[in-house]
Amino acid sequence: MKRFFLSDLLAGLLFSLLGFYILFEIAYFPVDEGNIPGPRYWPRLIALGLILFGLWLAGSKIYSRRMTAIKPNLHHPHQRQVLTILVMTIFYILLWSLFGFFIPTVLFLLGTMFVLFPFQPKQKVRGSIRISIYSLLIALFVYGSFYLGLHVPLN
Amino acid sequence: MVYRVGLFLAVGIGLLAPVFAVEKYPTREITLVVQSAPGGGSDFTSRTIAKAAEKYLGQKINVINKPGASGAIGMGFVANAKPDGYTIGYVPVELSLLKHQGYNNIAPDKFEMIMQAVSVPAALSVRADSPYQTIEDFIADAKEKPGKISVGNSGVGSIWHLGALSLEKEAQIQCKHIPFDGAAPALVAVMGGHVDAAVTGAAEALSHVQSGKLRLLGVLDKRRFSLLKKVPTMKERGLNAQIVAWGGFAAPKGTDPEIIKVLHSAFKKGFEEKWVKEAYQARGFGHAYRKGLDFTEFANEQSQFFEPLFARFGLRRK
Amino acid sequence: MDAILQAFVSLFQISNLLMLLAGVFLGMLIGALPGLTATMGVAIFTPLTFFAPPEQGLCLLLGIYTAAMFGGAISAILINTPGTPAAIATTLDGYPMAKKGEAGLALGLSALGSAGGGLFSVLVLALIAFPMARFALQFGPAEFFSLAVFGLSMMIAVSGGSIMKGLLLGLLGLFLATIGIDPIHGFNRFTFGIKELVGGVSFIPILVGLFGMSEVLNRILEGSLQDKVLRSKLGRVFPTKAEIKRVTPAFWLSSVIGVIVGVIPAAGGDIASLISWEQAKRFSKKKEEFGKGSMEGLVAAETANNAVIGGEMATMLTLGIPGDAVTAILIGSLMMWGLKPGPLLFQDHIDLVYQIIAILTVATLFSLVISLYRIQTLGKWILKLPDYILNPLVLLLCLVGSYAINNSLFDVWIMFGFGVLGFVFRKLKFPLGPIVLGLILGSMAEANLRRFLILADGNWFQFVFHPIALTLFVLSSLALLSSFKKAPSL
Numbered sequence: 000m001k002r003f004f005l006s007d008l009l010a011g012l013l014f015s016l017l018g019f020y021i022l023f024e025i026a027y028f029p030v031d032e033g034n035i036p037g038p039r040y041w042p043r044l045i046a047l048g049l050i051l052f053g054l055w056l057a058g059s060k061i062y063s064r065r066m067t068a069i070k071p072n073l074h075h076p077h078q079r080q081v082l083t084i085l086v087m088t089i090f091y092i093l094l095w096s097l098f099g100f101f102i103p104t105v106l107f108l109l110g111t112m113f114v115l116f117p118f119q120p121k122q123k124v125r126g127s128i129r130i131s132i133y134s135l136l137i138a139l140f141v142y143g144s145f146y147l148g149l150h151v152p153l154n
Numbered sequence: 000m001v002y003r004v005g006l007f008l009a010v011g012i013g014l015l016a017p018v019f020a021v022e023k024y025p026t027r028e029i030t031l032v033v034q035s036a037p038g039g040g041s042d043f044t045s046r047t048i049a050k051a052a053e054k055y056l057g058q059k060i061n062v063i064n065k066p067g068a069s070g071a072i073g074m075g076f077v078a079n080a081k082p083d084g085y086t087i088g089y090v091p092v093e094l095s096l097l098k099h100q101g102y103n104n105i106a107p108d109k110f111e112m113i114m115q116a117v118s119v120p121a122a123l124s125v126r127a128d129s130p131y132q133t134i135e136d137f138i139a140d141a142k143e144k145p146g147k148i149s150v151g152n153s154g155v156g157s158i159w160h161l162g163a164l165s166l167e168k169e170a171q172i173q174c175k176h177i178p179f180d181g182a183a184p185a186l187v188a189v190m191g192g193h194v195d196a197a198v199t200g201a202a203e204a205l206s207h208v209q210s211g212k213l214r215l216l217g218v219l220d221k222r223r224f225s226l227l228k229k230v231p232t233m234k235e236r237g238l239n240a241q242i243v244a245w246g247g248f249a250a251p252k253g254t255d256p257e258i259i260k261v262l263h264s265a266f267k268k269g270f271e272e273k274w275v276k277e278a279y280q281a282r283g284f285g286h287a288y289r290k291g292l293d294f295t296e297f298a299n300e301q302s303q304f305f306e307p308l309f310a311r312f313g314l315r316r317k
Numbered sequence: 000m001d002a003i004l005q006a007f008v009s010l011f012q013i014s015n016l017l018m019l020l021a022g023v024f025l026g027m028l029i030g031a032l033p034g035l036t037a038t039m040g041v042a043i044f045t046p047l048t049f050f051a052p053p054e055q056g057l058c059l060l061l062g063i064y065t066a067a068m069f070g071g072a073i074s075a076i077l078i079n080t081p082g083t084p085a086a087i088a089t090t091l092d093g094y095p096m097a098k099k100g101e102a103g104l105a106l107g108l109s110a111l112g113s114a115g116g117g118l119f120s121v122l123v124l125a126l127i128a129f130p131m132a133r134f135a136l137q138f139g140p141a142e143f144f145s146l147a148v149f150g151l152s153m154m155i156a157v158s159g160g161s162i163m164k165g166l167l168l169g170l171l172g173l174f175l176a177t178i179g180i181d182p183i184h185g186f187n188r189f190t191f192g193i194k195e196l197v198g199g200v201s202f203i204p205i206l207v208g209l210f211g212m213s214e215v216l217n218r219i220l221e222g223s224l225q226d227k228v229l230r231s232k233l234g235r236v237f238p239t240k241a242e243i244k245r246v247t248p249a250f251w252l253s254s255v256i257g258v259i260v261g262v263i264p265a266a267g268g269d270i271a272s273l274i275s276w277e278q279a280k281r282f283s284k285k286k287e288e289f290g291k292g293s294m295e296g297l298v299a300a301e302t303a304n305n306a307v308i309g310g311e312m313a314t315m316l317t318l319g320i321p322g323d324a325v326t327a328i329l330i331g332s333l334m335m336w337g338l339k340p341g342p343l344l345f346q347d348h349i350d351l352v353y354q355i356i357a358i359l360t361v362a363t364l365f366s367l368v369i370s371l372y373r374i375q376t377l378g379k380w381i382l383k384l385p386d387y388i389l390n391p392l393v394l395l396l397c398l399v400g401s402y403a404i405n406n407s408l409f410d411v412w413i414m415f416g417f418g419v420l421g422f423v424f425r426k427l428k429f430p431l432g433p434i435v436l437g438l439i440l441g442s443m444a445e446a447n448l449r450r451f452l453i454l455a456d457g458n459w460f461q462f463v464f465h466p467i468a469l470t471l472f473v474l475s476s477l478a479l480l481s482s483f484k485k486a487p488s489l
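Residue numbers (numbering that gives the first Met the number 0), protein chains in the order written: chain S, 0 to 154; chain V, 0 to 317; chain D, 0 to 489.
Here chain S stands alone, though its shape is the one from the complex (with noise of 0.2 Å):
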């Protein structure tokens, strides 16, 4: 069961489902008149080769032990890191459309230095003073630039 978590094997499921589901749909779509291509005539193509690779990769691996697999570990601090700014990132976007771009964007760079800053132990504040600042910075950075050098503004 480890072996088949985000690996090789199931991407190549996935991609020959992704190609029977396409297949599905365009079963609705307007028929080809005659000769002349109509909307479904491309994904099909398309289709079936999602399909034939697809297997032919997942059948390649079933006994291959060069499989390339992703072994989620979240007690490895790198990891764990990386899920925290996914997380963090969802949120941002959330706080973006409700509370428009400024004081989200400055939270959202707190939040993620916070994560990633090499913290030493007797240095907590300084740390944190720093992050702050440059939070704010970067905000404002961008805020700027996009407004005033790109008139281009951002709510």
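Don't read these hints as lab results, they were simulated from the structure.
Be a bit skeptical, because a hint or two may be false.
Stated by the list, open to error - Below, simulated PhoX-like cross-link-like pairs (lysine-lysine); rule was C-alpha separation at most 20 Å, straight line: (1) K70(S) - K379(D); (2) K194(D) - K228(V); (3) K99(D) - K276(V); (4) K59(V) - K228(V); (5) K339(D) - K109(V); (6) K98(D) - K70(S); (7) K252(V) - K81(V); (8) K147(V) - K175(V); (9) K175(V) - K142(V); (10) K291(D) - K98(D); (11) K175(V) - K144(V); (12) K168(V) - K144(V); (13) K339(D) - K98(D).
Claimed, not checked - Among the chain S residues that face chain D by a calculated CB cut under 10 Å, a handful are: (14) G18; (15) T104; (16) A138.
Idealized CB from N, CA, C, for every residue including glycine.
Given the structure of chain S, go ahead and fit chains V and D onto it with the hints provided.
For chains V and D alone, coordinates are given in the frame of chain S:
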């Protein structure tokens, strides 16, 4: 930590919070949403008039693009925006088309119209060395070879596609319709001899006609095209095919009439500036104006006019 | 000749030079920020030029256009995120070079290549604009289809290790390109009722996610000390004589390919640089280095995307046809000033044509000087940024850039999704290049094939009457055969 975050919040709000004081509209900059990507005709009209109107409005007008789904994204955004006069949008002829395509419910009744600002008639163009000298030549040949003559347009279900279909119907001929990704590629295909003719806006064909690469056989309008007076209208030749694209400015439904009045006055003054007229002239855009209520009526009329066309030509999708 | 000199002399006025400088700076910024493109920059600044005299306006707009192609390289090389779509191929070799500790050299070579390609294309524009532009009109549906097929035949070449994985991602790219209203029948495909998808998925957020965000995640995950040491090293900027000699064939090849692709309407810097990269690989003596930090590959990509500019301008000025989105806007500006692009421009306003040539030349040189200077300062500064600042900053720029392109939060979610997907693909050793190829070329291939078959009444045999198309088909099959032959493993 908490203190610091609080401080940032305060600073942030201080920097960005809009001024809520109730004063004479407009008290802060307004946003004009364009429904297409930067660089097209709608974008040009919007940015030009916004630039001209700023002076009269006394506030900056930020033009932003929200393209996608034939303009439904941008227009939908404006229709759903707070009707406070600070978010307005450009509405092109698609406002009266989109509902009939069956994808969404964008329609004139979602807006308070400010004014119409532009119009461009459809025109049929062929290569300069084409055997078709007149629209009659074209129709005669098409009748001889039904389904063989190819006519490019600017995209399936687009206003120029409707133009090609109306012409076909009115002339009782059958053509091969080739949709391209915009009017410019369709005209390039005519110039390269890859298709026999194309229906696009007269404005888009203008410079190629002037440089001697294309010939217009007729415009699909009541009047002749102001910059090419020699080209006849289809109506003069007994074909009742009229397709004219237009565009203008609109605010979300429910915007205060007083605010609309302020906006209208500023946009109208900008629209009348000499350099704006020259910019229109250079592009071949019709300097066409209708004030708010007339524009609403017009957009509704157009919507009713297009509806049967979509049904007749089988362009209604699920 | 005198007239051209005259154009250069008249350019050297304070007001013109200031505009040009402003344009070059803005262009660099726009190019370097992921998500923002030259098209967007030129469109936004066009209204500001309405009131300026034509030469000043052209200085600003052409400055942006030229410099954006330079700017795209900096983010491609330093953070593996193409700043503009035209810099996709730059990431293939530029970032590996930076990882090897040769960031300075990569930036230096890319600036020199860009400048060389730009100047070459201006020369072509000055000398043979008309014959080149006639070639542009030869491209109809059959030819565009074959061009797309030719591009897609590179899929295996950009797959790196595994052909199978490359093809699967290529097909995924092709599938993504079919989402939205179909180009010929207007039928709504694979939109799941989401209105943002009706017009198709936007390409740039996907690109930014796949390359930029996934790279940030990857860097956080790896977080290795060794990478940091190498990364903070800029190294020398200027190539040695031997290095220049090595990249010269790739340079000329890409210059020519860039101009030709530029001349063809609707094909721009992204396609040109990918094709050049692949062709340079085919003719190189050290094919195995491509994709792992090859100087030739980097120069090929960067030269081509600037060489495109002269080609685009040739088509625009001689025929009045936009070669790409930027020249489409420029046509509007020229008309605004009462100058109609087309053959008559060369009779009535030849001075303007010379002026454009002069502006492009000087803009290229300005961009080169600023790039080289910028490498010393900005490059060093970016490399010195500690990870805890750099990673959040790049992530933020990916998010903001995806938003800014269409002012749409939906695009930000798309970027996020493809960032995660790209990260997983990286970990599973799937090559990301093929997705981009599929996305860029998918709808070009499909729409033109269908246009062609309508015109030909469904008769495939009609391709015989299109010599350009046939030639490209033969070249594509050769490319396919040779890449299968050399492939290490399926």
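> Of the hints given before, which are not true for this structure?
Replying inline: 1, 2, 3, 4, 5, 6 and 13
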